[in-house]
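Asks: Protein chains in written order, with numbering that gives the first Met the number 0: chain A, 0 to 474; chain B, 0 to 841.
Among the clues, some could well be false.
As the list claims (entries may be wrong) - Derived lysine-lysine pairs resembling DSBU-like cross-links, with alpha carbons at most 30 Å apart:
id, chain 1, residue 1, chain 2, residue 2
1, B, K444, B, K27
2, B, K23, A, K92
3, B, K282, B, K23
4, B, K619, B, K327
5, A, K92, B, K38
6, A, K92, B, K327
7, A, K73, A, K346
8, A, K92, A, K73
9, A, K92, B, K27
10, A, K120, A, K73
Keep in mind that the hints were calculated from the coordinates and are not lab data.
Given the structure is predicted, the values throughout are model-derived calculations rather than measurements.
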Amino acid sequence: MSSRRRFLSNSALGLSGIALGAMLHRDGVARDGAWSPPNGRPHFAPQANSVIWLFMNGGVSQMESFDPKPMLCKYAGKTISETPFADVQDPEKLAIERLVVPDGNGNQRNELFPLQVGFRKRGESGIEVSDWFPHVGANVDKLAIVRSLWTTDSNHGAQTQFHTGRHQNDGDFPTLGGWVHFGLGSLNDNLPSFVSIGRREYWNRRDGAYLGPAHDAVPLRIDPQNPLDYSQPQREFTAAEQQIGKTLIDRLNAIREDAYPQDAAMQARIASYELAFRMQHSIPDVVDFSDETAETQSLYGIDQPHCRDFGLQLLAARRMVERGVRFVQIQHGGGGAGAWDAHGGLKRNHTQNALAVDQPIGGLLTDLDRRGLLDQTLVVFATEFGRTPGSQGSDGRDHHIFGFSVWLAGGGLKRGVVHGATDEIGFHAVEHRHYVTDIHATLLHQLGLDSRRLEIPGRKRLDIDHGEPIHEIIA
Amino acid sequence: MSLLVVVATAAAQATAVDYGAQIKPLLKARCYACHGSLKQEGGLRLDTAALLIAGGDSGSAVSLEHVNDSLILERVAATDPDQRMPPPHEGEPLTAEQIGRLRGWIAAGAPAPADESPEADPSAHWSFQPIVRPPVPRLDSGSANHPIDAFIAQQHRLRGLQPQPSAPRLALLRRLAIDLTGLPPSLEELEAFRDDDRGDWYRRAVEQWLADPRHGERWGRHWMDVWRYSDWWGLGEQLRFSQKHIWHWRDWIIESLNDDTPYDEMIRLMLAADELHPVDPDKLAATGYLARNFTLFNRPQWMDETVEHVSKGLLGLTMNCARCHDHKYDPIEQTDYYRMRAFFEPYHVRLDVLPDQADLNVDGLPRVFDALPDEPTYLYHRGDETQPDRSTVIAPGVPRLAAFPPLSISAVELPVAAWQPARQPWVLETHIAAAEARLAAAKDKSLAAAELAAVRARAAAMRVSWSDEPTAAVGAARGAAIAAERDVAVARAGQAVAQAEQALAEADDQGRPAAAQRLQDAQTALAEAQRQAAAEIQPSDTYQPLIGARWTPTRFGFSGQDDPELKFPPTSTGRRSALARWITDPRHPLTARVAVNHIWMRHMGAPLVPTVFDFGRNGKPPALPELLDWLAAEFIESGWSMKHLHRLIVTSEAYRRGSSLRGAEQNLALDPDNLYWWRRTPGRMESQVIRDSLIALAGRLDNQFGGPPVPPDGQSDSLRRSLYFFHSNNDRNQFLTVFDEALVTECYRREQSVVPQQALALANSGLAHDAAADVARRLATDDDAGLIRRAWMLVLGIDPNPQELAASQQALDHWRASGRPAQAPAHLVWALFNHNDFVTIR
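All chains, please: the whole structure from these sequences, using the hints.
Replies: Structure follows, in structure tokens:
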């Protein structure tokens with residue numbers, strides 16, 4: 000039995016069948032057909048095999064990216080209560096907010112702030128995308144844009160919330176990538192199935208949470224010059240010697256499982272060793288871009304300093320999904336509250352950040368598609384919340400949880416569609432409102448996973464947190 | 000009007016306003032924060048219908064007879080912003096529909112369920128209650144002789160849990176040694192205790208390792224996590240955070256733990272040694288705790304971090320949440336945040352000259368002092384530092400949740416050597432010795448000799464000025480010091496002339512004119528110095544005093560330069576010592592509980608209170624509150640002895656239990672999170688323990704205690720314990736970082752990740768390979784079985800079973816056949832380093 004199979008059969012927290020049976024009985028949560036740990040195979044036919052998850056830390060302005068609101072220009076400088084849209088501030092509509100870190104941000108901003116960038120219709124679909132995202136815009140016919148997200152934490156704990164689906168105050172929960180890793184077997188045993196790239200300031204916890212450390216993302220930095228620390232023995236140690244040692248370690252750990260059965264950390268460590276020995280070769284290979292053509296490299300913007308870093312990450316991401324990595328989670332602008340957190344100087348902030356990501360993302364979409372990979376790869380562009388229609392200070396926007404945009408592409412979704420809408424000033428999601436876990440549910444659905452069947456008995460997620468797939472954008 | 004009321008009433012009755020569904024949520028969302036259990040503005044609470052009807056200072060909030068005269072309706076519908084509720088800064092007014100709903104409900108007689116209960120009183124929260132030692136449960140049978148076990152066994156009986164058996168002796172010894180010293184036991188120790196058949200072998204092991212000086216290093220590192228130890232960092236050479244030489248505080252922590260300095264005394268010294276022991280450098284080092292918060296550019300950030308981490312680390316309170324407005328969960332007002340800040344408002348940091356080192360760039364003692372006794376603290380409107388409310392100066396004070404003794408703050412008159420630090424007895428001698436050493440090392444003796452003479456003269460002048468000598472003697476000494484300094488200037492100028500002459504002699508044709516010019520300039524300067532030396536000394540002339548301390552300059556002014564120098568005042572405000580007295584008062588409900596929880600977590604693998612820095616209402620309560628309180632009471636009554644607490648915890652059965660889940664299906668089903676300690680929670684070695692263990696097992700650990708940190712470029716070859724490595728926000732050791740190194744910004748609990756990079760570090764690092772070779776050399780024997788057994792015992796603390804022996808033997812044979820037979824034992828040790836149970840604390 001491979002270590003992964005053994006691991007899965009022991010389930011996440013090392014609950015044996017007997018213990019599970021007892022818990023099922025005690026909690027009365029048994030559903031039709033007893034719960035069983037995932038076997039690594041999808042529950043139904045998947046439309047996608049892999050996910051590239053692009054998360055913009057800090058909060059991207061919905062109005063100035065994928066949800067243009069000309070009314071902001073028309074009523075610029077007016078307070079919201081002076082406009083026909085005064086009812087957006089009905090306290091009942093605002094009551095979804097659950098603040099975690101009150102710090103002077105996350106407040107109502109009443110004076111409407113005009114759009115800081117132009118828009119144009121793009122592609123055959125004619126969907127409007129702002130001029131800060133020309134390369135993404137050139138690929139708009141591949142996107143399914145959801146303009147009606149909402150969340151509840153009006154500070155950056157919303158980053159955690161977007162990944163776990165639970166409010167920060169509720170405790171530590173597995174992230175979406177952790178669930179996918181839990182549910183699906185690896186397609187390539189030489190690489191981690193779940194990779195994290197970039198800093199994660201607000202939720203630098205273990206992705207697996209109660210699923211166990213084996214479901215944490217493996218953090219990688221993408222540096223072709225120095226892809227992996229300690230990737231080769233620093234003293235003479237032949238491959239044959241290493242192999243004898245590895246065989247011994249495996250045997251010894253396996254023997255130890257008799258005395259220490261169901262030890263989640265040991266299972267995770269065994270799996271991590273398995274992977275580590277393979278990563279010594281596979282990771283340098285993934286980030287060795289010498290076999291990529293110059294055209295491809297420049298497609299991702301690797302030849303341009305302003306977007307080189309993100310371009311390297313996205314090119315590596317493509318090479319990973321090509322090799323079967325399930326979930327590549329890429330954080331842009333992590334650290335502090337997040338690079339996109341434009342409380343002041345929004346124009347300069349978003350111009351710079353968009354320059355860093357737009358061309359690489361456009362390149363990724365183009366490249367995936369021309370290689371036929373987009374059909375089986377889901378690309379997600381998300382952020383923890385949007386920004387206020389009103390101005391903060393003279394030239395910024397505050398955090399805004401009531402309506403914001405994300406987009407998805409590929410992986411069996413419709414192409415070139417817009418779903419959901421905010422009101423005329425981009426304040427509330429008003430049509431097809433979606434809490435963040437609807438994105439989770441959509442991904443899981445496309446990956447062929449039933450989130451109800453992944454759920455660990457005794458560890459409930461709330462109904463709201465499960466989310467529902469957004470069927471309207473599924474092809 | 001009456002018609003309207005009738006209509007409204009009729010409408011209300013028609014739609015039957017449901018209090019629970021339509022009124023209470025509205026009040027909760029918009030009103031409770033100020034009119035609920037946390038606050039009762041105007042004496043009014045709205046968290047039950049009965050309280051609402053009872054009303055506040057202005058009477059009932061409702062009038063059932065004259066509905067529209069109801070105070071609550073008047074206030075929510077008011078157009079005057081001063082009258083309107085909720086007030087404008089709390090958000091938008093209620094909508095007409097909401098007001099109508101409220102009116103309808105009142106008109107219907109304000110019906111509500113009879114059993115409605117108010118919000119719980121925040122001051123009744125468990126952790127705000129005094130610590131009362133609970134009686135140790137008396138169990139009718141069983142062997143729970145230890146108080147800790149009695150509390151736990153009581154829960155086991157209640158819940159049907161069966162504790163796991165004790166860990167095997169070797170595993171227990173390894174666990175204990177690592178826990179108490181941060182290093183695995185030696186082979187000799189393991190063999191001695193393993194074969195010890197006396198009944199008290201375990202107690203003797205405990206005492207041995209508690210008394211080991213390495214105990215202070217082990218637990219010092221734990222407290223360095225909690226207290227945010229960091230070496231300095233900045234941009235390039237510019238110091239921006241923490242302090243140079245902050246390691247004196249680290250050494251103080253280690254020594255204090257080894258001496259079992261009481262926890263309360265440690266806290267008092269860290270917060271206020273400069274007021275309590277103003278001229279004792281051994282104790283002043285403790286204030287590195289506050290000196291570490293130095294922030295070059297930003298005083299609000301400095302103060303913010305200080306308030307945040309004094310309250311999180313020492314009190315388990317998230318006072319930082321009250322910077323912008325009243326705390327949303329705990330009875331902490333926004334003003335309380337600023338009251339707490341006011342304790343720290345006057346303090347700044349300086350470096351004191353220590354015996355034997357006159358150059359503060361080389362060494363010195365970072366310590367705090369009250370530089371700005373009159374600096375006002377202002378509340379920032381909504382936490383915005385650009386909007387201070389200058390109408391009110393906030394005085395130091397403590398939140399009411401634990402305001403048991405009246406806080407008394409009285410200024411502290413400092414001994415003169417505290418504020419004229421050159422008068423510390425060693426300072427002048429240290430400067431003279433340094434000048435003597437420079438003379439001895441100098442090639443050109445004349446300048447160095449003049450400098451030594453000047454230092455001596457300055458020292459003499461300073462001594463005379465502090466004495467009762469007559470004015471004439473003071474003046475004469477002063478004159479001598481000034482003259483000596485002038486002689487230094489002449490000597491220096493003379494040296495410059497000599498250098499210029501030599502440069503001219505060596506110059507080529509092209510360089511000669513410029514060199515000649517430089518010589519001429521130097522000669523002019525020498526003549527000027529000689530002229531000044533000959534001049535009469537004027538009353539306005541001064542000499543440069545020798546310094547005993549240097550203020551660490553700040554740059555709050557954004558001028559591109561240091562802020563104007565701060566003096567050392569002769570009095571200290573006494574604020575921080577008052578705060579320290581409050582925090583360490585045995586009546587304080589939080590201090591001992593929080594400390595006990597930190598200590599328990601590090602012994603037992605998990606805390607009693609899961610939210611280790613938040614004991615407030617948003618935290619998670621302990622599963623075993625009586626045990627926590629008993630330990631806290633015991634801790635206080637033992638004189639806050641940490642060694643007493645260590646001893647108590649590690650001698651419990653709960654501590655000694657095995658970590659295996661074998662046969663524990665029922666326990667797992669009943670208590671999957673081991674909240675009731677039916678087994679030992681296994682854990683992973685912290686980053687430092689992994690590295691230190693490798694080197695210690697190799698027999699190469701450098702036992703040098705304390706001193707300046709090992710710089711980053713010296714770490715890969717260093718054999719010192721990892722806590723001595725330079726470690727800051729910017730500089731982290733590569734190997735340690737792979738294993739979840741402490742973040743200097745906040746690390747109340749270490750992460751225990753499992754990632755492939757850790758496998759690579761242990762499998763491939765030179766550190767692990769070299770250690771394996773060394774261990775193999777130490778264990779060298781002709782007898783494979785003996786080698787294998789000893790290697791297992793030393794590296795893993797396991798007596799291998801036949802399967803394990805056979806597997807090890809087989810691998811040895813394979814390695815021997817693979818080309819480098821001599822390396823086979825080292826490879827076996829390498830494999831054991833990579834065994835799961837090397838990094839695991841079983």
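Asks: Now, for every hint given, state plainly whether the structure supports it.
Replies: Here is how each hint holds up against the structure:
{"no.": "1", "hint": "B:K444 <-> B:K27", "in the structure": "violated, 82 Å"}
{"no.": "2", "hint": "B:K23 <-> A:K92", "in the structure": "holds, 16 Å"}
{"no.": "3", "hint": "B:K282 <-> B:K23", "in the structure": "violated, 56 Å"}
{"no.": "4", "hint": "B:K619 <-> B:K327", "in the structure": "holds, 16 Å"}
{"no.": "5", "hint": "A:K92 <-> B:K38", "in the structure": "holds, 25 Å"}
{"no.": "6", "hint": "A:K92 <-> B:K327", "in the structure": "holds, 21 Å"}
{"no.": "7", "hint": "A:K73 <-> A:K346", "in the structure": "holds, 19 Å"}
{"no.": "8", "hint": "A:K92 <-> A:K73", "in the structure": "holds, 24 Å"}
{"no.": "9", "hint": "A:K92 <-> B:K27", "in the structure": "holds, 15 Å"}
{"no.": "10", "hint": "A:K120 <-> A:K73", "in the structure": "holds, 20 Å"}
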